[in-house]
Amino acid sequence: MGSTSSTLLKIPNAEVLMQETGFSPAHIIRLHDRFKALDKEGRGYLCPQDFGAIKELAMNPIGDRIIGAFFSPGKETVDFSTFVKILAHFRPVDKDRPKEPNSPEPINSRSNKLKFAFQLYDQDKDGKISRDELLKVLRAMLGMQVTEEQLESIADRTIQEADLDRDEAISFEEFRKSLEKVNIDHKMSIRFLR
Amino acid sequence: MRGLGLLLFITVARDAVTDLYVTAASLQPELGASAAPAVTSPVASRYIPEEYGHPGIALARSAEEPAAPSSEDGESSHHHGGGYKIVQWEWSYVQTPYIIASWLLVASVAKILFHFSQRFTTAVPESCMLILLGLVLGGVVLIASKTQPYQLDPGLFFLFLLPTIVGDAGYFMPARLFFDNLGAILLYAVVGTLWNAFCTGFCLYGVKMAGVIDEKVNAGLMDFLLFGALISAVDPVAVLAVFEEVHVNETLFIIVFGESLVNDAVTVVLYKVYISFVEVGPGNVHTADYFKGIASFLIVSIGGTLVGLIFAVILGFVTRFTKKVRIIEPLFVFLLVYLAYLTAELFSLSAILSMTFCGIGCKKYVEANISQKSRTTVKYTMKTLASIAETIIFIFLGISAVDKSKWAWDTGLVVSTLIFILVFRAMGVVGQTWFLNWFRLVPLDKIDQVVMSYGGLRGAVAFALVVLLDKEQVKAKDYFVATTIVVVFFTVMFQGLTIKPLVKWLKVPRSTNRKPTINEEIHERAFDHILTAVEDIAGLNGYHHWRDKWEQFDKNYLSKLLLRKSVYHKSELWEAYQKINIRDAISVIDQGGNVLTSARLSLPSMASRTSFPEVTNVTNYLRENGSGVCLDLQVIDTVPGAKIEEELETHHVLAGNLYKPRRRYQSHYSRHFMTVGEKERQDREVFQRNMRNRLESFKSTRYKRHKKDRSQKKRKGSDAKEQDTNDKPRRNVSWQDKDPAVVPVAPEEDKHDPSEPDKDDDVGITFVARKAPETPKERPKSVPAALDVCQSPVAAPPSPTCGEKNLPWKSGMGSYPPCVSVEATKIIPIDLQQAWYQSISSLESLASPPAPPEPQHPRVSALSRLGGPLRTPAKGKSSGSGAGSGSNTGSPSSGQFKFPTGKEEEEEGALSQQQQEMQPLMSSLRPPPPPPPAPAAQSAGKRRNPCVYLRSLVTVPPSGAEPQSRRPTQL
Numbered sequence: 001m002g003s004t005s006s007t008l009l010k011i012p013n014a015e016v017l018m019q020e021t022g023f024s025p026a027h028i029i030r031l032h033d034r035f036k037a038l039d040k041e042g043r044g045y046l047c048p049q050d051f052g053a054i055k056e057l058a059m060n061p062i063g064d065r066i067i068g069a070f071f072s073p074g075k076e077t078v079d080f081s082t083f084v085k086i087l088a089h090f091r092p093v094d095k096d097r098p099k100e101p102n103s104p105e106p107i108n109s110r111s112n113k114l115k116f117a118f119q120l121y122d123q124d125k126d127g128k129i130s131r132d133e134l135l136k137v138l139r140a141m142l143g144m145q146v147t148e149e150q151l152e153s154i155a156d157r158t159i160q161e162a163d164l165d166r167d168e169a170i171s172f173e174e175f176r177k178s179l180e181k182v183n184i185d186h187k188m189s190i191r192f193l194r
Numbered sequence: 001m002r003g004l005g006l007l008l009f010i011t012v013a014r015d016a017v018t019d020l021y022v023t024a025a026s027l028q029p030e031l032g033a034s035a036a037p038a039v040t041s042p043v044a045s046r047y048i049p050e051e052y053g054h055p056g057i058a059l060a061r062s063a064e065e066p067a068a069p070s071s072e073d074g075e076s077s078h079h080h081g082g083g084y085k086i087v088q089w090e091w092s093y094v095q096t097p098y099i100i101a102s103w104l105l106v107a108s109v110a111k112i113l114f115h116f117s118q119r120f121t122t123a124v125p126e127s128c129m130l131i132l133l134g135l136v137l138g139g140v141v142l143i144a145s146k147t148q149p150y151q152l153d154p155g156l157f158f159l160f161l162l163p164t165i166v167g168d169a170g171y172f173m174p175a176r177l178f179f180d181n182l183g184a185i186l187l188y189a190v191v192g193t194l195w196n197a198f199c200t201g202f203c204l205y206g207v208k209m210a211g212v213i214d215e216k217v218n219a220g221l222m223d224f225l226l227f228g229a230l231i232s233a234v235d236p237v238a239v240l241a242v243f244e245e246v247h248v249n250e251t252l253f254i255i256v257f258g259e260s261l262v263n264d265a266v267t268v269v270l271y272k273v274y275i276s277f278v279e280v281g282p283g284n285v286h287t288a289d290y291f292k293g294i295a296s297f298l299i300v301s302i303g304g305t306l307v308g309l310i311f312a313v314i315l316g317f318v319t320r321f322t323k324k325v326r327i328i329e330p331l332f333v334f335l336l337v338y339l340a341y342l343t344a345e346l347f348s349l350s351a352i353l354s355m356t357f358c359g360i361g362c363k364k365y366v367e368a369n370i371s372q373k374s375r376t377t378v379k380y381t382m383k384t385l386a387s388i389a390e391t392i393i394f395i396f397l398g399i400s401a402v403d404k405s406k407w408a409w410d411t412g413l414v415v416s417t418l419i420f421i422l423v424f425r426a427m428g429v430v431g432q433t434w435f436l437n438w439f440r441l442v443p444l445d446k447i448d449q450v451v452m453s454y455g456g457l458r459g460a461v462a463f464a465l466v467v468l469l470d471k472e473q474v475k476a477k478d479y480f481v482a483t484t485i486v487v488v489f490f491t492v493m494f495q496g497l498t499i500k501p502l503v504k505w506l507k508v509p510r511s512t513n514r515k516p517t518i519n520e521e522i523h524e525r526a527f528d529h530i531l532t533a534v535e536d537i538a539g540l541n542g543y544h545h546w547r548d549k550w551e552q553f554d555k556n557y558l559s560k561l562l563l564r565k566s567v568y569h570k571s572e573l574w575e576a577y578q579k580i581n582i583r584d585a586i587s588v589i590d591q592g593g594n595v596l597t598s599a600r601l602s603l604p605s606m607a608s609r610t611s612f613p614e615v616t617n618v619t620n621y622l623r624e625n626g627s628g629v630c631l632d633l634q635v636i637d638t639v640p641g642a643k644i645e646e647e648l649e650t651h652h653v654l655a656g657n658l659y660k661p662r663r664r665y666q667s668h669y670s671r672h673f674m675t676v677g678e679k680e681r682q683d684r685e686v687f688q689r690n691m692r693n694r695l696e697s698f699k700s701t702r703y704k705r706h707k708k709d710r711s712q713k714k715r716k717g718s719d720a721k722e723q724d725t726n727d728k729p730r731r732n733v734s735w736q737d738k739d740p741a742v743v744p745v746a747p748e749e750d751k752h753d754p755s756e757p758d759k760d761d762d763v764g765i766t767f768v769a770r771k772a773p774e775t776p777k778e779r780p781k782s783v784p785a786a787l788d789v790c791q792s793p794v795a796a797p798p799s800p801t802c803g804e805k806n807l808p809w810k811s812g813m814g815s816y817p818p819c820v821s822v823e824a825t826k827i828i829p830i831d832l833q834q835a836w837y838q839s840i841s842s843l844e845s846l847a848s849p850p851a852p853p854e855p856q857h858p859r860v861s862a863l864s865r866l867g868g869p870l871r872t873p874a875k876g877k878s879s880g881s882g883a884g885s886g887s888n889t890g891s892p893s894s895g896q897f898k899f900p901t902g903k904e905e906e907e908e909g910a911l912s913q914q915q916q917e918m919q920p921l922m923s924s925l926r927p928p929p930p931p932p933p934a935p936a937a938q939s940a941g942k943r944r945n946p947c948v949y950l951r952s953l954v955t956v957p958p959s960g961a962e963p964q965s966r967r968p969t970q971l
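So the protein sequences, as listed, match chains F and L.
According to UniProt numbering, the first sequence is numbered sequentially starting from 1.
According to UniProt numbering, the second sequence is numbered sequentially starting from 1.
Note that these hints are calculated values from the structure, not bench results.
You may find that some hints are simply not true.
Capping the alpha-carbon separation at 30 Å, the derived lysine-lysine pairs in BS3-like fashion look like this [to be verified]:
{"hint": "1", "chain 1": "L", "residue 1": "K111", "chain 2": "F", "residue 2": "K187"}
{"hint": "2", "chain 1": "F", "residue 1": "K187", "chain 2": "L", "residue 2": "K555"}
{"hint": "3", "chain 1": "F", "residue 1": "K36", "chain 2": "F", "residue 2": "K75"}
{"hint": "4", "chain 1": "L", "residue 1": "K549", "chain 2": "L", "residue 2": "K111"}
{"hint": "5", "chain 1": "L", "residue 1": "K111", "chain 2": "F", "residue 2": "K181"}
{"hint": "6", "chain 1": "L", "residue 1": "K555", "chain 2": "F", "residue 2": "K85"}
It should be emphasised that the depicted structure is a prediction, and the values quoted were computed from it without experimental measurement.
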């Protein structure tokens, strides 16, 4: 919004990024500004500490998981294009945009949005949300308000409800099924300012 | 009011009277004349019109109740000649409440009548029907009396009818949805309404100038602007009435409905501003006045909102302390919400806004604070009031339309108004939506816009406003009234009628009446957090950012202030979870035993499995079933001597089949508490019986016996069973193909003959029942008999013999045989078991709020997860002692021991019993991966040291006999 500190030309791979993510130049510029603001030392990449500096995020019960989602396994840094690509998950689905048949599935597709959410639960990356993993998330989200027993019964019920193959865990497929009726495009999208 | 009374009488008498001579006017003289001789008669002679001097008795009779007492009264007064009167006619004394009550009655009866024909009501919106009824009523009265019976009185409308509807709407408004779409709602409500008002006003004036509207319509620009203002507002009552039946998707609904609520502020302000302009005369309006108008709008709307929010806070705060006086909780809700409305009206702020925001604001805290029963009371009372008010409004609309003296017709005005409001509505919607879609996450597409344009219904608010006009100042009032009536009728009748087909034709996404599952609750909450976090990371202070801020504030300050301490510490998610469980339970109960008829068993909230709107779930199917089943803990301890069995049998037959008498002596009364009534207890009992019967009838078909001495008898029995499965209604076997879990729970011999008699339906769940060897009466022969009887559960009552034989359990004391429910619960597949528990626990905690969920649950589920069917009996501490007689016998014991139930009280005992009963059984039935052989061996091993009382506890054959004996109650 009105920031002129960076232009599209200064951003590496801007064209490619726009194509991949569907962000408009204005979006990219805006996000780049944000990226630079977060990258206080100007290294060109972000560390987990940089994210930790966002104070609102510290209050978010699952903030650390979301930060974690920005870092691919084994990497300690995230560069701008990864940063943008992650955020692109939350771009609203544009209906009127013609779908090129040969293009890969856009990052902001329903399935990708769900995958993003799923991996926040599935911290051990085994493709399943186990009871423990679910419990951890619930504990984070519910905090002190409920007893452990209540948490467990919620978790049990949740798993039992979603669990189709009776393996006491929620696979991605089951996860998706359980949210079949939810308007994911709506609930997992952010209106990025133009 | 008087006119209303007349109308009422007419309504009552209408059918009986063949002669139109009986009119509203003639009724009163009737009363008055006959009563007149009596000096004390309150119906004064002022009622008597001159033309009806001679009331006839026949007429009085035809006029039914109201007239009848009067004639009697008259006679008696004649007889006694003015002395003491036995019967007096006190009409004026009761007049007002009588009329009100009668009106409500008429309106309610009208509703009943409409809903007689299902097909008709689905096609025609109720609002149309009510208006039609009003037209008919009004017509009858008009023809009869030739005077205007009654008009929709603006005072009545604004002070009583409208608040009930708005209160209901505000209180039950889905707050999240409302605020999610607040931007759109505000835009449509403010800009859209202004647009409509101005365009309609100016264009009507233009048309007038062009000569389309007759010269008779004496109106200037200000008059037309005023008219435009009152006719342009979408009406909440009409929108609610029509849209609730159309079931468009919730976003669309909330936008149109929210708009109709919020635009009240705009309408009221515009109306007032124009009225004042008209009063002072268009020439004397200064520029400053326009700004005053704008300021007035801001004050009216924001002020109204603030008043509502203040009352919401008060209400939340008050309900925090009502724990001791639960019974007046609902009253607080009604009073304060209504006071919010009146207070806003008092300061001439927007009362609708005030009430709406009071409702929205207080709901969260009030609902958390007040008891479940109060919640239900509030809900039903509000809905009832709103529904009645709506009915009355529409009937009045119809009645008002009939009287020609109140309006004057001008085709030009009517037609051009209709065209303008439709056109400008559509234009406004399209324009604003185009603008909105720049910002909206989910754009409103063309179909939505069509529905929104078409759904812009005008209604009673416009009518009331136009009736309120002062004829001295607005010369063309009569024309405006007529036009308004036509517009209201057109939008409510025509558009209301056609919007449903239109929505269907356009394939507008409908709303699903589905409640969120626990998965959805959790994940959506997670989504909220994710989005907030991402907004923070991306540096956008967007909607989620601010909502999160609000939630923090709410949690840290508001909730602390407005919620009870006990409630404050509860989590919303936990509440949601409990609600889901309760819902499951209730739906199952509502559904009765049909659970068993469905081929698939699933939780209603398991969206993943099926998408049935009507729930077939088992979760809590048995919830109540067990609760009274074994009230008597002594059952466990007493081993019956064979000698007393005879008596006991008789006793059991009686106790098992007779309902417990209602206990009168317990009745006590308190103004502040409502006790659980005897009625409820009895209802529960009946319910339990029925449930059990159904279960047993189900079970009996799948029933397998592994008898110690199985000989030809057994052959016969299995034959019978086969046959039974064949000719039994399909419902009972429905699991067979789906959940192929064989539960070879068996006594010693089972090892040798694992499943020979069962081969035919091995796929199904197999119930193994076995009589413990120690039980005094041996019943090898009786069992087949029992089975035979069972085959046709609906059939004749059990033969006494089989009943006798099958009632070996002891010391009933009127309690139910525990084994029955034990058996019964078995049919629940394991995957439902947990849900079952949770439902129970949530129900329990309902009963006694602070109770934590049952702590044993995780353990149980963990255990049940461990192994196949047969491990379960062993899982409890009882494995050593109890499992001796196979899973059937073992299971109750394990359950029993697991529970920390030392309680003697019936209730608790029952509850725990219930839990015990289900847990082993359910766990023993894990359908999909059945590893029968190993568990069987295991159980067999365990069987070595049986526990006597347990065995005696669980005797299966009786269960077979039970169904018949109970049969009659099933209906």
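Starting from the hint list further up, note which numbers the structure goes against and sort them upward. 1, 4, 5, 6
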